[in-house]
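K.L.:
Residue-level listing of the chains:
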Amino acid sequence: MKRTTVDLWVGVFVTAGVVALFTLALKVGNATTVTASHGYTVYGEFDNIGGLKVRAPVKSAGVVVGRVEGVVLDQQKYVAKVTMRLDNRYKFPKDSTAAILTSGLLGEQYVGLEAGGDTANLAPGDRIKLTQSAVVLEKIIGQFLYGKAAEGNTAK
Amino acid sequence: MIGVLDRALRRIGHLVVDGVWKLGAATRFTGYVLARSADSVRRPQLTLNEIYFTGTLSLIIIIVSGTFVGLVLGLQGYETLKRYGSSEALGTLVALALVRELGPVVSALLFASRAGSAITAKIGIMKATEQLSAMEMMAVDPFARVLSPTFWGGVISMPLLAAIFSAMGVFGGYLIGVVIIGVDSGAFWSQMQANVDLREDILNGVIKSAVFGVAVTLIALFEGYDAPPTAEGVSYAVTRTVVTSALAVLALDFVLTSFMFTGV
Chain A
1 MKRTTVDLWV GVFVTAGVVA LFTLALKVGN ATTVTASHGY TVYGEFDNIG GLKVRAPVKS
61 AGVVVGRVEG VVLDQQKYVA KVTMRLDNRY KFPKDSTAAI LTSGLLGEQY VGLEAGGDTA
121 NLAPGDRIKL TQSAVVLEKI IGQFLYGKAA EGNTAK
Chain B
1 MIGVLDRALR RIGHLVVDGV WKLGAATRFT GYVLARSADS VRRPQLTLNE IYFTGTLSLI
61 IIIVSGTFVG LVLGLQGYET LKRYGSSEAL GTLVALALVR ELGPVVSALL FASRAGSAIT
121 AKIGIMKATE QLSAMEMMAV DPFARVLSPT FWGGVISMPL LAAIFSAMGV FGGYLIGVVI
181 IGVDSGAFWS QMQANVDLRE DILNGVIKSA VFGVAVTLIA LFEGYDAPPT AEGVSYAVTR
241 TVVTSALAVL ALDFVLTSFM FTGV
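Residue numbers (our numbering), protein chains in the order written: chain A, 1 to 156; chain B, 1 to 264.
Think of the hints as simulated: they come from the structure by calculation, not from any bench.
Be aware that a few hints might be false.
As the list claims (entries may be wrong) - Sample of chain B residues with no beta-carbon within 12 angstroms of chain A, all distances over it, derived:
#1 Gly3
#2 Leu5
#3 Gly13
#4 Ala35
#5 Thr47
#6 Leu48
#7 Ser58
#8 Ser65
#9 Glu88
#10 Ala139
#11 Val140
#12 Leu161
#13 Trp189
#14 Ala194
#15 Leu203
#16 Gly205
To be verified - Facing chain B, a subset of chain A residues (Cβ under 10 angstroms, in silico):
#17 Pro57
#18 Ser103
#19 Gly112
#20 Ile140
#21 Phe144
#22 Lys148
Said to hold, decoys possible - BS3-like cross-link-like pairs, simulated, lysine-lysine; straight-line CA separation at most 25 angstroms:
#23 A:Lys129 with A:Lys91
#24 A:Lys53 with B:Lys122
#25 A:Lys77 with A:Lys94
#26 A:Lys59 with B:Lys22
In this text, a Cβ means the ideal position worked out from N, Cα and C, and glycines have one as well.
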């Protein structure tokens, strides 16, 4: 079969189209398994992670120091186990606290790391023992309402 | 008074009957094109040439417009999302808008004006200069030799063009949002990936663009085949192709969207 220049250009076009489709599927859609390569992982257990997503930033003092790598439910303790990959440049004391915070009122959720006072640093695979769960708005409203009701009863 | 009314009624009636007549002819034409498509498979070179004509030659306009649409989406989306303090959702906004709607629809409109008009002009002039009749004289079926390959070329090109448009648009949004404005890159991609579903959003977008490809190519072919064999007739036919396909794409988009995204 004789090859023509048209074949080449059609090939270029079809390749571009297929590459675009795959980019959409893998990069834009959720069929991806890309992981960060450098850095070390630590994990923390949270009672409730709210709307924390994989690849959400891990921040300390507002600076992005890592990414959330995985979120799974621990079947023994029924808590969320959040794996975080932290940048090699940043070391944190062993007794640091991790909290799930929200940027802005409607913003996305991220993990906030607050350094402790221990002299030893977190090693790869360590657990962050002190964690603070995501704030669930309904619970706060519930507590507030109960508090108000209790206040009303004592005043009588 | 009666005379004016009488003439107006005649005019309307004529238009309606003519429209229905044309629709019937177009349906029969579609049947012919589909029935003679065996040759497009048996002789792939014919279809390949048409993919080059409708697809490859439309690449530049699709890539450039896709990127610019993405840039604009990035800017406008950021301006609005910033007010609610959720500029991280920019990736989701850009990707969903492109993959669900803008990618298929805008690239179908561009496809109609870039490739559809060219198809109509080609077929119309082939008919006006009696090339189609000459083929029939030589016992070559113009449906199998010209019309069917053009149809399949358009149908194959359109989803690929729409995918390229969406991908370039997401790249444009990334360029503005992350590189220039400075939205967090991880949040941009992670929120996008968390909210764009492979089947629900991307596959439905591809289905949409395939349907638009069928509609636009058929309209272009039929208008060309149906054109009066004069220079003026072909020029009107080209105009009608662009107008009719644009309306068909927008109407079909509404129908398909109401089927696909029912808000559940």
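K.L.:
None of the hints should be skipped; say for each whether it holds.
P.N.:
These are the hints, each one checked on the structure:
{"no.": "1", "hint": "Gly3", "verdict": "58 angstroms, holds"}
{"no.": "2", "hint": "Leu5", "verdict": "55 angstroms, holds"}
{"no.": "3", "hint": "Gly13", "verdict": "46 angstroms, holds"}
{"no.": "4", "hint": "Ala35", "verdict": "25 angstroms, holds"}
{"no.": "5", "hint": "Thr47", "verdict": "9 angstroms, violated"}
{"no.": "6", "hint": "Leu48", "verdict": "5 angstroms, violated"}
{"no.": "7", "hint": "Ser58", "verdict": "9 angstroms, violated"}
{"no.": "8", "hint": "Ser65", "verdict": "14 angstroms, holds"}
{"no.": "9", "hint": "Glu88", "verdict": "5 angstroms, violated"}
{"no.": "10", "hint": "Ala139", "verdict": "26 angstroms, holds"}
{"no.": "11", "hint": "Val140", "verdict": "21 angstroms, holds"}
{"no.": "12", "hint": "Leu161", "verdict": "7 angstroms, violated"}
{"no.": "13", "hint": "Trp189", "verdict": "7 angstroms, violated"}
{"no.": "14", "hint": "Ala194", "verdict": "5 angstroms, violated"}
{"no.": "15", "hint": "Leu203", "verdict": "9 angstroms, violated"}
{"no.": "16", "hint": "Gly205", "verdict": "8 angstroms, violated"}
{"no.": "17", "hint": "Pro57", "verdict": "5 angstroms, holds"}
{"no.": "18", "hint": "Ser103", "verdict": "7 angstroms, holds"}
{"no.": "19", "hint": "Gly112", "verdict": "14 angstroms, violated"}
{"no.": "20", "hint": "Ile140", "verdict": "19 angstroms, violated"}
{"no.": "21", "hint": "Phe144", "verdict": "23 angstroms, violated"}
{"no.": "22", "hint": "Lys148", "verdict": "29 angstroms, violated"}
{"no.": "23", "hint": "A:Lys129 with A:Lys91", "verdict": "16 angstroms, holds"}
{"no.": "24", "hint": "A:Lys53 with B:Lys122", "verdict": "53 angstroms, violated"}
{"no.": "25", "hint": "A:Lys77 with A:Lys94", "verdict": "22 angstroms, holds"}
{"no.": "26", "hint": "A:Lys59 with B:Lys22", "verdict": "65 angstroms, violated"}
Of the hints listed earlier, those the structure fails to meet are numbers 5, 6, 7, 9, 12, 13, 14, 15, 16, 19, 20, 21, 22, 24 and 26, in rising order.
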